[in-house]
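The task is simple: from the sequences and hints, build the whole structure.
Here is what each chain is made of, one letter per residue.
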Amino acid sequence: MKKSVYAVSAFALCVAGAVHAEPQAEVLHYWTSGGEAKSVAVLQEEFAANGGTWTDMPVAGGGGDAAGTALRARVLSGNAPTAAQIKGPAIQEWYEEGVLADISAVAEENGWADVLPASIASHMQCEGTWCAAPVNVHRVDWIWANADVLAANDITMPTTWEEFNAAAEKLQAAGIIPLAHGGQAWQDATVFEAVALGLLGPDGFRKAFVELDQDALTSDEMIAVFDQMRVLRGYVDPNFPGRDWNLATAMVMNGEAAFQVMGDWAKGEFLAAGKTPGEDFLCASTPGEGFLYNVDSFAMFDVDGDDKKAGQALLAELIVGTKFQEVFNLNKGSIPARVDVALDAFDSCAVLSAEDMNASSEGGSLLPSYAHGMALRGAQSGAITDVVTSHFNSDMSSEEAVQQLASAVLNSL
Amino acid sequence: MQFLERNLPKIMLAPSFVAILIFVYGFIAWTGWVSLTRSRLMPRYEIDGLIQYQRLFDSLRWDTAFGNLFLFGALFIGISMILGLVLAIFLDQNIRAEGAIRTIYLYPMALSMIVTGTAWKWILNPGLGLEAMVRSWGYEDFTFDWLVNSDMAIYTIVIAAIWQSSGFVMALFLAGLRSVDGEIIKAAQIDGIPTWRVYSAIIIPSMAPIFLSAFIVLAHLAIKSFDLVIALTGGGPGFATDLPATYMFSMAFSRGDIGQAASSAMVMMGVVFAIVVPYLYSELRAKND
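From first to last, the protein sequence lines are chains A and B.
Sequential numbering from 1 applies to the first sequence in the numbering used here.
Sequential numbering from 1 applies to the second sequence in the numbering used here.
Please keep in mind that the hints were generated in silico from the structure rather than gathered at the bench.
In this text, a Cβ means the ideal position worked out from N, Cα and C, and glycines have one as well.
Some hints here could point you the wrong way.
[Said to hold, decoys possible] With the Cβ distance kept under 8 Å, some of the chain B side facing chain A (calculated, not the full set):
id	residue
1	Asp58
2	Leu60
3	Asn94
4	Trp146
5	Gly238
6	Asp257
[As the list claims (entries may be wrong)] The calculated label-pair distances, taken between Cβ atoms and stated as ranges, are:
id	chain 1	residue 1	chain 2	residue 2	range
7	B	Trp30	A	Glu97	12 to 22 Å
8	B	Ala274	A	Ala73	24 to 34 Å
9	A	Asn358	B	Lys224	25 to 35 Å
10	A	Ile223	B	Ala274	34 to 44 Å
11	B	Tyr45	A	Ala37	37 to 47 Å
12	B	Gly99	A	Gln172	35 to 45 Å
13	B	Lys224	A	Glu400	24 to 34 Å
14	A	Glu97	B	Glu5	20 to 30 Å
[Stated by the list, open to error] Footprint (simulated), chain B over chain A, 3 or more residues, beta carbon under 8 Å:
id	segment
15	42–52
16	70–83
17	86–97
18	120–130
19	199–205
20	361–371
Here's what the structure looks like:
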């Protein structure tokens with residue numbers, strides 16, 4: 001009798017094992033710094049709570065370059081991870097290599113199309129099928145300011161670039177560095193795209209940096225963008241080359257400088273230093289309308305085995321689930337990608353960001369950031385950044401910069 | 001047994017021969033192949049002509065990087081050799097504490113380029129290093145902002161590289177000086193020939209092979225310079241201090257443009273060949289004579 005009980009239960013276990021594979025996921029990501037590692041731990045816990053086995057594969061360094069190299073090696077050797085942190089058009093680039101999976105079933109079951117802004121959802125789709133899951137939305141076109149410095153000099157947050165220039169002149173006369181900036185190519189590009197969005201408007205920005213329209217790239221408005229960059233060059237201190245972005249943020253924090261143009265990861269620096277938004281520091285979108293987003297996402301790779309496929313589906317479902325979107329983004333300083341998450345726990349800057357995202361999504365001015373690899377593929381955005389940074393760091397004329405911009409883009413295609 | 005005796009050297013060398021064949025020459029060939037394709041994120045193998053080389057030579061950034069290679073290479077090799085030679089001659093004057101001084105000059109070679117680059121980044125930073133120091137002494141107008149000036153930044157890399165390797169060149173030359181036959185020098189001194197003539201007409205010409213070795217060592221250091229640039233300027237301001245190696249790295253690993261990376265690697269190899277082949281040729285000819 002006893003024997004047969006064992007036999008039956010052993011048999012039952014085997015059947016259960018075959019039918020219901022335990023979800024497995026190997027996740028390649030580059031969230032290794034303090035706040036980021038904490039954020040990804042949230043996902044791991046939730047995954048484990050749902051009965052999954054998570055194999056962590058963090059690759060530090062190079063803003064994801066090292067992770068990209070590791071991923072390439074894995075895919076080339078035919079051993080792709082379940083999911084990898086990839087963003088923007090790189091997702092479609094990987095899809096063209098024929099290695100991404102189709103997770104449309106999960107996406108449709110959970111109604112992703114209804115809860116994600118349309119332009120962000122389009123990044124997650126590969127020729128009509130869903131192939132990636134968005135994690136968060138960073139806004140890039142922020143301007144941060146030291147509240148005390150502005151009050152002491154009787155300046156309000158600028159709403160046009162002329163106002164910014166006027167404020168900067170005033171600050172300079174008072175012996176304060178108007179713009180805290182670090183001279184690294186991506187930071188130059190971040191400021192450049194904020195200026196471009198303000199001066200070209202959302203449609204002009206889309207033509208130039210999404211569609212790479214040659215006329216838009218060589219237009220008079222583009223010359224004006226480079227002119228404004230030259231003006232801004234006069235507002236940064238002489239020691240800016242090579243400075244890291246968080247050191248520039250620290251300059252705003254301690255009142256050495258007044259403004260910084262940087263994505264909302266800068267907010268994390270302010271908060272970590274115990275500063276309060278609205279009191280110690282101010283946040284506003286850079287002058288002009290529109291919203292430039294930088295969306296982190298996980299692309300799903302084609303894997304064999306039911307356990308891995310189950311893990312992939314579970315992972316995708318959890319990533320876009322409301323609970324994870326809220327907890328993760330509170331840790332990371334960004335805002336949820338889905339629009340139906342309650343924002344009670346978020347700070348005022350994040351709430352502003354979410355409101356602007358919804359408004360610009362309806363107005364058609366929700367645009368991908370070129371400087372952070374959301375609008376263009378690496379070769380094209382790199383070619384633009386080369387021109388932007390070489391103009392900003394030399395005495396090149398704006399006309400020459402525009403000519404170089406057009407030819408560099410053509411050369412990169 | 002006799003077979004083993006005759007073939008043992010070949011058997012011993014075979015593994016490393018195969019390894020080099022695959023991992024050096026095999027991958028050179030692979031890179032050459034990929035440089036003829038339209039590879040982007042992943043390598044592809046359909047040959048598409050010289051498109052990558054056209055793109056390479058149309059690219060302003062490559063122009064800067066390639067120009068920098070020659071500017072940096074010429075100054076770095078030239079000044080390191082002159083400085084190394086002068087130091088070696090001074091040390092050769094039977095001075096006191098020669099061993100200690102020699103070690104001091106040779107020491108920078110023991111540092112990695114990353115350390116050298118980081119240290120010089122701080123020294124040359126106008127708000128932090130040399131300029132700030134001289135200004136704090138009261139010379140308010142003193143400016144030394146090469147590091148942040150896109151026209152001059154490449155020279156800061158030259159300075160740091162020379163600091164790193166001139167001691168090594170000195171050691172090479174010192175060995176060369178010591179190997180010159182003392183009898184000849186004594187004979188020249190008895191004939192009343194001034195010391196500078198002894199050096200310029202006898203000792204230095206007899207050191208020609210040392211010059212050649214120093215040149216080859218420095219030239220390959222210059223061409224593969226990468227870590228120093230990354231640590232000191234990160235290729236900036238803008239891309240003013242890019243070198244071909246940093247260009248290749250950014251194309252391959254951050255831009256997803258493997259075709260460009262492969263073609264720039266092939267051009268770099270061409271430059272190395274242009275230097276090494278004449279050297280090998282002269283070496284081989286000397287042996288055959």
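Under 8 Å, Cβ to Cβ, is where leucine 60 of chain B needs to be relative to chain A, so tell me if that hint holds or is violated. Cβ of leucine 60 of chain B sits 6 Å from chain A, so the hint holds.
Annotated coverage of the segment 361–371 of chain A by chain B, confirmed only when three residues or more have a Cβ within 8 Å: This one is violated; 0 residues, fewer than the three required, reach chain B with a Cβ under 8 Å.
Taking the Cβ atom of glutamate 97 of chain A and the Cβ atom of glutamate 5 of chain B, is their distance within the range 20 to 30 Å? Check failed, 54 Å falls outside 20 to 30 Å.
Should the hint that glycine 99 of chain B and glutamine 172 of chain A are 35 to 45 Å apart at their CB atoms be regarded as holding? Roughly 56 Å apart at Cβ, these two residues miss the hinted range, so it is violated.
Taking 37 to 47 Å as the stated bounds, is the beta-carbon spacing between tyrosine 45 of chain B and alanine 37 of chain A within them? holds (39 Å)
Does the beta carbon distance between lysine 224 of chain B and glutamate 400 of chain A stay inside 24 to 34 Å, or does it fall outside? Since lysine 224 of chain B and glutamate 400 of chain A have Cβ atoms about 33 Å apart, the given range 24 to 34 Å holds.
Chain A contact restraint for aspartate 58 of chain B - C-beta distance below 8 Å: holds (5 Å)
Can you let me know if the beta-carbon spacing of asparagine 358 of chain A and lysine 224 of chain B is within 25 to 35 Å? Violated, at about 52 Å.
Per-residue hint verdict: glycine 238 of chain B, partner chain A, C-beta under 8 Å: holds (4 Å)
Starting from the hint 24 to 34 Å, judge whether the C-beta atoms of alanine 274 of chain B and alanine 73 of chain A obey it. holds (33 Å)
Is it true that tryptophan 30 of chain B and glutamate 97 of chain A lie within 12 to 22 Å of each other by Cβ? Check passed, 18 Å falls within 12 to 22 Å.
Is the interface hint satisfied for tryptophan 146 of chain B? The criterion is a beta-carbon contact with chain A at less than 8 Å. It is violated, given that the least Cβ distance between tryptophan 146 of chain B and chain A is near 11 Å, above 8 Å.
In this structure, the earlier hints numbered 3, 4, 9, 12, 14, 15, 18, 19, 20 are contradicted, and the remaining ones agree with it.
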